[in-house]
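Engineer: Sequence:
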Amino acid sequence: MPSGYPALAMRWSRSFIPTLREDPADAEAANHRYLVRGGFIRRLMAGSWSMLPLGMRVTKKIEQIIREEIDAIGGQEMLLPVVHPRDPWEKSGRWDDVEGILVKFKDRRDTDLLLAMTHEEIFSTIATELVSYRQLPQLWYHLQTKFRDEPRPRGGLLRVREFTMKDSYTFDIDSAGLDVQFDKHFEAYSKIFSRLGMKAIAVRASSGWMGGSESVEFMVESEAGEDDIAYCPACEYAANTEKAISRLPDVVDEPWDREPERFPTPGIRTIAALADEFEFAAADRQIKSLVYVIDGDPVLLLLRGDHELMEQKLIDELKTFEVRPAHDDEISALLGAHAGSLGGVEVQGVRIIADPALRGRSNMTTGANEDDWHLRGVDVERDMTIDQWFDMRLIQAGEACPQCGEPLEVKRTIEVGHIFKLGTKFSEAFGITVADESGEERIVWMGSYGIGVGRNMAAVVESSHDEKGMIWPVPIAPFEAAITVVKMDDEAAVAAAEALYEALRAEGVDVIIDDRDERPGVKFADVELIGIPYRITVGPRGLADGVVEVVKRRDGSVEPVALEVAAASVAAAIRSERAG
RNA sequence: CGGGACGUAGCGCAGCUUGGUAGCGCGCAUCGUUCGGGACGAUGAGGUCGCCGGUUCGAAUCCGGCCGUCCCGACCA
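The opening residue of the first sequence carries number 1 in the working numbering; numbering runs sequentially from there.
Do not take every clue at face value.
In silico lysine-lysine, DSS-like type, Cα no more than 30 Å apart, as pairs [claimed, not checked]:
(1) K552 <-> K61
(2) K184 <-> K60
(3) K487 <-> K191
(4) K146 <-> K60
(5) K468 <-> K184
(6) K106 <-> K146
(7) K106 <-> K191
(8) K425 <-> K184
Hints in this document: simulated from the structure, not taken from any laboratory.
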């Protein structure tokens with residue numbers, strides 16, 4: 001028969017905490033391994049995870065921190081639906097633009113519907129009810145499910161298809177007002193990440209399909225991440241490599257005052273091979289020629305031989321999403337040669353875009369658009385018809401910081417937050433206007449600001465764990481303290497532990513008592529895996545001296561504390577860490 | 001979308017080549033010994049072998065189709 005009802009208090013023996021001894025087979029990231037093993041999350045399908053009780057406790061604490069900080073800058077919480085009709089997404093243009101990750105379906109009346117991947121459209125719909133400048137500024141937000149059909153979810157909670165996001169939206173009379181809201185969010189986000197126990201680096205970023213003029217990402221350094229950022233330790237310049245720029249040393253070309261000269265290069269297909277073979281063709285003296293198909297048309301892209309293309313820069317500059325490398329047959333049809341022998345000299349009728357690192361360069365080497373032939377002595381601006389110049393180069397670690405000239409570092413990071421100045425893109429599409437002081441209709445300036453709850457949980461685990469498991473900071477730990485009863489058949493120990501448990505609850509500590517009839521080693525290992533910051537060990541050995549042991553998860557330090565003062569002492573330590 | 005692998009008990013896996021009573025480890029239940037750093041013994045419960053179809057006296061195993069998952073790449077807030 002069931003016993004122990006009702007299980008109101010947090011007793012491990014009555015809780016659903018299904019810890020596992022083995023790593024899940026496919027786990028690569030630490031958050032994936034430990035959140036599954038610790039019984040925080042379970043996978044339902046690719047990119048969809050159920051939150052078990054421990055995971056939910058962390059989730060709620062993270063959400064509460066976010067609420068407090070957004071409320072503190074004037075946020076008003078709402079809750080918008082997850083299933084949207086087609087119409088608002090037609091208005092914004094995103095029904096067609098974000099093909100792929102946007103899930104569309106129909107209801108019984110054959111009406112087009114979609115799963116919300118973000119909520120600009122619906123907040124915009126509501127914002128059309130704003131009528132007067134006296135109502136501005138506004139800051140609205142909600143914590144709501146997003147669904148994005150990512151081609152490849154990975155890394156446990158790092159990249160998923162269904163997730164909860166706090167997204168806020170601001171509405172202002174002018175761009176100066178937007179700047180204020182943006183700065184407030186910047187400060188609020190900084191506080192949130194610091195309360196979560198993470199060091200977040202703010203970087204300028206590509207806006208992607210959000211559009212808008214400016215965006216800042218908050219990045220946490222981690223090998224498990226998916227983004228690279230350029231970072232200057234000297235002046236704190238920081239930017240996503242999708243956006244980062246650097247200063248290059250000037251190159252002085254040796255004089256060459258003749259026409260370009262053809263020379264045979266049998267079998268040579270790569271920049272490195274050409275540089276090895278010919279002394280005058282060092283990689284930085286070659287022109288890299290890439291054929292891309294952009295919006296359906298072939299485009300020739302020119303970069304310095306030792307430089308790499310950053311596709312996102314192309315996408316941002318050209319404001320399109322239809323960018324892909326050309327296929328072999330498309331390349332030969334266009335230029336009459338295969339990749340490895342391509343160049344831009346005397347090419348007609350093809351749009352040519354060049355990276356500014358090629359400006360003013362002469363006496364360079366490039367493909368002759370005939371297999372096994374190259375050209376030397378090429379002057380970029382004399383011998384080629386460049387239609388457009390813009391930066392599309394991926395910067396490299398060690399290059400000079402654009403602000404101070406010191407060497408840049410490149411770090412792998414997790415994107416934990418992203419804030420956008422949307423400008424008037426959505427307000428124009430939705431007709432969000434208010435009357436100003438003179439009664440004239442003015443278009444409203446918008447911003448949008450997102451934090452993924454689960455991804456932040458994952459990022460905390462990635463940046464705070466050891467070989468034993470997770471190490472939660474007090475503000476978001478599933479429990480602040482655990483009482484480990486070493487010997488469940490020792491009546492004195494059990495009584496002391498129960499009394500301590502009640503005392504800690506009375507002190508307002510979020511505590512769980514491990515009253516399972518398990519061997520001590522199992523209990524210690526589980527508390528460590530789960531990452532509870534304080535463990536209080538209660539057993540006959542300590543009680544003989546009138547003490548319990550307080551063990552800190554972070555550094556493993558063990559401190560004997562007199563039983564009578566243990567609750568007050570642990571409660572005080574926890575309180576001092578709650579602020580984050 | 002391209003390449004590779006996989007789907008058998010709650011979890012991790014073997015069995016499949018060569019068709020014939022469905023196995024192992026962990027976990028779970030009961031009992032005993034043990035128990036301040038992941039114990040041991042005994043007994044036991046638990047599986048439509050991803051789904052559908054075919055071949056066969058007989059299919060986890062062979063064949064076909066479908067579904068799902070993971071990895072690498074492409075793609076992508």
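Engineer: Taking only the CA atoms, is the gap from K184 to K60 under or equal to 30 Å?
Structural biologist: holds, 23 Å
Engineer: Between K552 and K61, is the straight-line Cα distance small enough, at 30 Å or below?
Structural biologist: Satisfied, since the Cα-Cα distance of roughly 21 Å is no more than 30 Å.
Engineer: Are K468 and K184 close enough, with their CA atoms no more than 30 Å apart?
Structural biologist: Violated - the C-alpha atoms of K184 and K468 are around 39 Å apart, more than 30 Å.
Engineer: Within a Cα-Cα threshold of 30 Å, do K106 and K146 meet the stated pairing?
Structural biologist: holds, 18 Å
Engineer: For the pair we were handed, K425 and K184, check the Cα-Cα distance against 30 Å.
Structural biologist: It holds: about 21 Å lies between the C-alpha atoms, which stays within 30 Å.
Engineer: Below or equal to 30 Å on CA atoms is what counts here, so check K146 against K60.
Structural biologist: The given pair, whose Cα atoms are some 17 Å apart, holds under the 30 Å limit.
Engineer: Quickly compare the C-alpha distance for K487 and K191 to 30 Å and report which way the hint goes.
Structural biologist: With a Cα-Cα distance of about 42 Å, the restraint between K487 and K191 is violated, given a limit of 30 Å.
Engineer: Take the C-alpha atoms of K106 and K191, compute the straight-line distance between them, and say whether it is at most 30 Å.
Structural biologist: Answer violated: K106 to K191 is near 42 Å, above 30 Å.
Violated hints for the displayed structure, listed by number in ascending order: 3, 5 and 7.
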